[in-house]
Amino acid sequence: MTFDALTALLLIPVVAAAILALLPDYRVTAALNLLAALFTLITAASLFVVQPVSGRYLLVDDLNKVFIVLTTFVGFTTSVFSASYIGHEIEIGRLTPTFVRFYHAMYQTLMFAMNLALVANNIGLMWVAVEVATLTTVLMVGIYRTHEALEAAWKYFILGSVGIALALFGTILVYMAARPVIGEGTDAMVWTVLVARATQFDPALLNVAFVFLLLGYGTKVGLAPLHAWLPDAHAEGPTPISAVLSGLLLNVALYALLRFKMIMAACEGAIAPGPLMVVMGLISVIFAALMLYRRRDIKRMFAYSSIEHMGIIVFAFGMGGALANFAGLLHMTLHSLTKSAIFFAVGHIAQVKGTQKIADIGGLTVTNPVLGWGLVLGAVAIVGLPPLGIFMSEFLIVSSTFARQPWLTAILVLGILIALGGLFMRLNVVAFGEPKGLTKPAEASYVPMFTHLALVLMAGIYLPPALVAGFSNVARLLG
Amino acid sequence: MHGLEFDVAHLLAGSLVLASFMLLYQDRLYALLNVYALHAFVLALSVAWQAFVQHAPHLYITASIALIFKAIVIPVALHRIIVKLGIHREIETALSVGLTMIGGIGLVALSMVVMLRVTPGADALAREDLAFALSVVLLGLLIMVTRRNAVSQVVGFMSLENGLVLAATAAKGMPLVVEISVAFSVLIAFIVIGIFLFRIRERFDSVDIGALDRFRGESGYDV
Amino acid sequence: MIWPALWSVAGLLALAPAAIPLAMYKRGSAVVYGASLILTSTLCMVAAHNLLNLSHLAWSVTLPVGLPWLGAHFRLDALASFFLIVVNLGGAAASLFGLGYGRHEQSPGRVLPFFPAYLAGMNVVVLADDAFSFLVAWEFMSLTSWALVVSHHREAENVRAGYVYLLMASFGTLALLLAFGVLVGGSGQYDFAAIRGAHPTANVASAVLLLALIGAGSKAGLMPLHAWLPLAHPAAPSHVSGLMSGVMTKVAVYGFVRIVFDLLGPPEWWWSMVVLGVGGPSATLGVLYALMQRDMKRALAYSTIENIGIVFVGLGLALAFKAEAMGWVAALAFTAALLHIFNHAAFKSLLFFGAGSVLNATGERDMEKLGGLIHRMPQTAIAMLIGCVAISALPPFNGFVSEWLTFQAILLSPQLPSWGLKLIIPAVGGLLALAAALAAACFVKLFGVSFLGRARTPVAAEAREADRFSLAAMFALAALCLVAGIFPGLFIDALAPVAKAMVGNSMPHQASLEWLTIVPIAESRSSYNGLLVFTFVLLSGSIASVAIHRLASDRLRRAPAWDCGYPDPNPAIQYTADSFSQPIRRVFGTVIFAAREIGDMPPPGSASPARLTVETHDLIWETLYAPIGKSMTFLTERINILQFLTIRRYLTLVFVALVVLLLVLAI
Amino acid sequence: MTLIRDLISQGLQMLLVLLLAPLLTGFVRKLKAQLLRRQGPPLLQPYRDLMRLMRKDVVLAETASWLFRIIPYIIFAGTWVAASLVPTFGSGLLFSWSADLIAIIALLGSARFFLALAGMDVGTAFGGIGSSREVMIASLAEPAILITVFAVAMIAGSTQLSSIAEYMGSSAVGLRVSLGMALVALTIVAIAENGRIPVDNPATHLELTMVHEAMVLEYSGRHLALIELSSQLKLLLYVSLIACIFMPWGAAEPRAGSLAFAVGAFTYTGKLMACGVLLAVFETSIAKMRVFRIPEFLGVALMLALLATLLRFVSGSL
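Protein sequences appear in the order of chains A, Z, X and D. Per the numbering used here, the first sequence runs over residues 1 to 479. Per the numbering used here, the second sequence runs over residues 1 to 223. Per the numbering used here, the third sequence runs over residues 1 to 667. Per the numbering used here, the fourth sequence runs over residues 1 to 318.
If we strip away everything but chain A, and leave its shape as in the complex, we get (with noise of 0.2 Å):
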């Protein structure tokens, strides 16, 4: 394999994940890992200039492009505001260095494990880089060590390794499927080839297939029922993590599904997987905004956001059409930039507070008026409100699939309205009235937070044409 951008992409990460697993003092260690993210981004972001030759294990093509390059942005963002946040952990005995040490090493580790599972054209490969990727989530969710912190990383193990074991069974019906037209080996199950082919397989395995898949990787992405792990794991791990686990891992599984959406769209014949994810992700968005309601830890209820978004995400995309695809496209991306900004902010926020108990927070536009501000805006962006993005892309979701089927999409606006009174329901209490808590100054880095808001709040005003493009092109493939 030739030495270009694409193995540069992998080789970075795992090279930083050897030397920092190496380096004790976290200081160095901290500074190296956010280095190497920085380098993987503009790795990534050269992908733009030049185009690396896609063999049978690598590929890289519209769709993977932007992933790639906001998977690193955002694990480069995540790296810079990770540093502070691991300093403080330190200065206050949460965590030991060794465990930094370790901590880091993950860090990039998963790094590794996401661009291999976005850049991956064999679909086992990207099944093991999935699954490697889980696997580092749930060390680094455990590693505070407390019996909440274990029992999260626990429930997340053992749903994981079973939503990985569905998985595996779904790549292998895939496999069966393009065996007797590809013919054995390889081949047979590198993506690009099984596009190109799938006209010719036989669709009901497919829709086996599709049946593990879904559940499968659906468990990465959160949908219900198969959610259980994810606000545990978000609330008990650290909050970097929490935003990697939001902004990215479920993308990254989004993003496996949709490989095999476009195979089983490619395939006629096959029923169109549409019905499904419509129908998961109108549950999941009802069932997690209903949960919002009566959260008590701050973390746990954005967690909680998030199986909102996914579900909306997944219901884009299962109504499918150029204009929805479109629109799930964009809120993938606004997505995972918004909800990973909300956690640089709660992340500070809790340590501030000392607690993430909404309880014992309040008043943050006064006490902490950057912060509070911050988090009010983010919760603004999620909850999908003008000027900024993500009410784009629910303007389009809505507007291109109402007419379709008004009484789903009715269901949906609903969801999305109850979603709104849970969020703001507890940000009342978070950002506004007598200030409650401990109060001191946040040394906290707001570079990345505020990076990401801007970006979101542009997005909602002026899309880059390049972008609209590239995401036009992947909507159309989507089917």
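Think of the hints as simulated: they come from the structure by calculation, not from any bench. Only a predicted model underlies this, so the values are computations on that prediction, with no experimental measurement involved. Here a beta-carbon is modelled for each residue, glycine too, at the ideal position from N, C-alpha and C. Mixed in with the good hints there might be a few duds.
The calculated label-pair distances, taken between Cβ atoms and stated as ranges, are [said to hold, decoys possible]:
1) A:ALA359 <-> D:GLU296: 37 to 43 Å
2) A:GLY354 <-> X:LEU635: 53 to 59 Å
3) X:ILE639 <-> D:GLU296: 51 to 57 Å
4) X:LEU423 <-> D:LEU7: 31 to 37 Å
5) Z:GLU5 <-> X:LEU635: 44 to 50 Å
6) X:ALA559 <-> D:TRP249: 40 to 46 Å
7) X:VAL31 <-> A:TYR446: 22 to 28 Å
8) Z:GLU92 <-> A:PRO441: 51 to 57 Å
Here are the simulated BS3-like cross-link-like pairs (lysine-lysine), alpha carbons at most 30 Å apart as the crow flies [unchecked claim]:
9) A:LYS357 <-> X:LYS630
10) X:LYS422 <-> X:LYS500
11) D:LYS288 <-> D:LYS32
12) A:LYS357 <-> A:LYS436
13) D:LYS56 <-> D:LYS30
14) D:LYS32 <-> D:LYS56
15) X:LYS630 <-> A:LYS436
16) X:LYS500 <-> A:LYS440
17) X:LYS422 <-> A:LYS436
18) A:LYS440 <-> A:LYS357
19) D:LYS288 <-> D:LYS30
Keeping the supplied structure of chain A fixed, place chains Z, X and D upon it in accordance with the hints.
Same frame as chain A, but now just chains Z, X and D:
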């Protein structure tokens, strides 16, 4: 010759399903572990047979992994854990064994219908093997769902994974089978579960997941 | 012609972030309000110029922002120009008022940035010419006003008000979103021009009408979707309350007019029944609720519901006549509605400013704690009095003219063929008449209790006159009320192009008639001349006073009040707000508020005080909103169990899902 | 030339109502007294009262504001203008088009608005009672009369009093149910608005029963005189309103000769006297109601008026 191939393959696959049923039936940990060893052994045999028929030497690795690793090492390790943690030997089941069996039968029927009736297109051998594999997977899930005790759940999970390996090997010429089986067995079954068991051991005196699940996420305050 | 407007809007938008640092400085608020005053006045003049001169041709422009492949379309036609005038008239007045009022703001950082943004939002709604920019601006307007509502966030009820407000606002926006979803379909042709060309089928159009009525109605405060309004409007700083009540509700009406009269094409006859059926009750109930309030600003907010009801009655009539192709009557009804929109914007802002000045001077919104302010703040009292007379629809002020026109339209409705309308319109007319009378009662109470009589509390006794900017704003609006009242013809003529564009017909030209009379249909049928009435009253009044002072006595002595011989120095003896409205509550309350009076009179000799307790219910809230809240509590309670299952149970969920899906495939 | 004549007739009208109003009141009082077998005050007593009040000093409460002092003039002006726009002996007044029936009622409404404010200005208990009861009555009476006007206007096809009068005088109008209802409704409203028995008793100062008198309790001297005069004007206005709508006979056509005017004047006085007699008889033969029976009394008017309008809507002929 071909007929024989099929028959042996089916025989082994079928007996794997049977072994799953035996797992489902057990209500004592040690017996469960022994049956699991048997389960893994049968798997090893069928994988080996596939290796033989498909002339795919790399499958022998998978077979040997299954044999050494799942049939011997893991049962022994779990045996140790049970002894060390002094877990009492009975398995509390959520559902009475009888009902579980009926459910299991239903699942097997379901997988047969799905694989044989619904997908006439695919080639016969693959479909039948897949049918067995699917039922093993479903039975494994059923075990995880109906057992209240960590060890037995782990066992359920591993039997599920055996089903996967069966499917993978039955899929003629599928690449990465070895890697996958390695990934699964080594990575998941042993290290991580081991780590977790020990971590948990540090904190509680039992691996009964019931104790784990006292965690209600937010049980700290009224909800 | 549209560019100056857009540039001014851009200026407002730019002002918002600039206000964040400015809020730190002492003079910051003056700068912000001054700038927004200039910008809004510019917009107002641009729009007025456009409406008066060449408004028949519309200016449109497309900017490369907003939805890709569509861009943001903006258009300045007659309708938009009129509403621009309304919006920016209110905006300019509010900015002027803010110049003085803003000084007393304790947390300017929470008001200054959002104020210009809010103005900009309302302007963009009116200017937008495609569904996306329209909705963005619409929701942006709600968002910024929400921020202003929670600006005094330390009072818990303000935050709650903001919460209810934001929920209802998003509800309305989503309804409109669905409306556009129906109109546009999957085509992605979101610009109004395309929608206009689409000619939807009858069913689609009807669905859109209902959705638009829900969406715009909830923002305008139509009953029963009004619940947020009396909470949110009083919670905001007073000049913002004035904007919300006087202007934003009008922007909502604009949305309705734009969709129903412009985009939907020819109406069905029964649409008007829906609109009338909502508008009439809103008018009467709104003012009844207003009568029951003690809180000045809340009473004003409820009276906004009343006026919006009147506007929608006008629009409903216009729809009915348009559907029957009676263009000239439709024009009459439509013009009446528009004129009332304009008038209400003027006097409602004025009244809120007055309430704001009182709030500043005394720190009280509760009428029971005021009184005698006419002695302490005479100028505010004059402005307030004018506002009260105007909103009570009494000649010679502007409120009367628009209601008079509405009545004229009702008087022509027997010619409508459909029986449903024949039955509903007289009822609506009765409701309007009732609303007018009750409004007078309501504002006698508001002005009488808070400004007349003797001060009930020390704060009221120590009140100080408002600053000059506030007074300037109030008197400017008061003058507007009078001018619009005595020269209605000019305003009606100015509205002609709008009516022409929306209902395809316009009222006869008025300014050419002698003595500036207004004649909606024919001289023999009905006519009104505000100028003459005003001069007559003025003349006869002054003649009388002069004559009497000359010929009879002009001597005057001060003495203690007579009061039938039982004068009591204690101000508590005065009629309170509640006791004032008690007779009316007894007449209407038993049905509408399920009001009960429990009086216990202790037996002779017992020392315990007699007490009268009154309990009233907000039936709409209790029957419509409370159940939703309850069911949500119940539902979330139940579903929340899913957070606390064991891993095994979660696995069971996965397992069941898998089996179900396989079964779906198998069967 | 005609313009001058019209101006004159308009001016005559204004003076006429001003002069006639006290007379009518006096006439009714006298008649009531006679019916009660009392001597009663002389017919011209009201004029004397007014004169005397005019000449007396004003005794103003210390707590009264400037508004309190200008309100009498506002009320007087409003009522006077309203009264002078109702055709009396001749229809087609010069300025009749400057305010139609609705506007006239609204003018009275503004007069009442200010009267109610006056009641609250001094800050006494009784003033409050009066105002709050007054607005309660008004809140029912105004819709009643407005809807009556709707009914009449729909029949006559105009809200313009002179045109209504002409239409009613013409043969086009037959006997109509809706008209009858309108008449009853209008009469009830007229009684309520003028504070006559059974709604209110203009002759009492029994505190708890009074409405109108309670509001003007603090007034004295010329202020009181003006208020008295305007209430007398109001009575005259309502009477001539009923007269011109329901008994339009004999009123002089516009631009008619002076003979016609004489006839008009004669018939007009006749109508006034007839109405006065009826009013007196009615008042003496009925007792005053409790305050909270009044809504029911007015409710009748409201219902009748609505019914009349409805009939008018659903069938052109009724």
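Results for each hint:
1. A:ALA359 <-> D:GLU296: 37 to 43 Å: Since the Cβ atoms of A:ALA359 and D:GLU296 sit about 56 Å apart, the hinted range of 37 to 43 Å is violated.
2. A:GLY354 <-> X:LEU635: 53 to 59 Å: Violated, since A:GLY354 and X:LEU635 (Cβ atoms, about 33 Å apart) do not stay within the stated range.
3. X:ILE639 <-> D:GLU296: 51 to 57 Å: holds, 53 Å
4. X:LEU423 <-> D:LEU7: 31 to 37 Å: Roughly 46 Å apart at Cβ, these two residues miss the hinted range, so it is violated.
5. Z:GLU5 <-> X:LEU635: 44 to 50 Å: Violated, at about 58 Å.
6. X:ALA559 <-> D:TRP249: 40 to 46 Å: violated, 52 Å
7. X:VAL31 <-> A:TYR446: 22 to 28 Å: For A:TYR446 against X:VAL31, whose Cβ atoms are near 27 Å apart, the range 22 to 28 Å holds.
8. Z:GLU92 <-> A:PRO441: 51 to 57 Å: 53 Å Cβ-Cβ, so the 51 to 57 Å window holds.
9. A:LYS357 <-> X:LYS630: Answer holds: A:LYS357 to X:LYS630 is near 25 Å, not above 30 Å.
10. X:LYS422 <-> X:LYS500: holds, 26 Å
11. D:LYS288 <-> D:LYS32: holds, 15 Å
12. A:LYS357 <-> A:LYS436: Roughly 11 Å between the alpha carbons, so the hint for A:LYS357 and A:LYS436 holds.
13. D:LYS56 <-> D:LYS30: Within the cut-off at roughly 25 Å; holds.
14. D:LYS32 <-> D:LYS56: holds, 28 Å
15. X:LYS630 <-> A:LYS436: holds, 28 Å
16. X:LYS500 <-> A:LYS440: Given pair X:LYS500, A:LYS440 is violated - Cα atoms ~63 Å apart, limit 30 Å.
17. X:LYS422 <-> A:LYS436: violated, 61 Å
18. A:LYS440 <-> A:LYS357: holds, 17 Å
19. D:LYS288 <-> D:LYS30: holds, 19 Å
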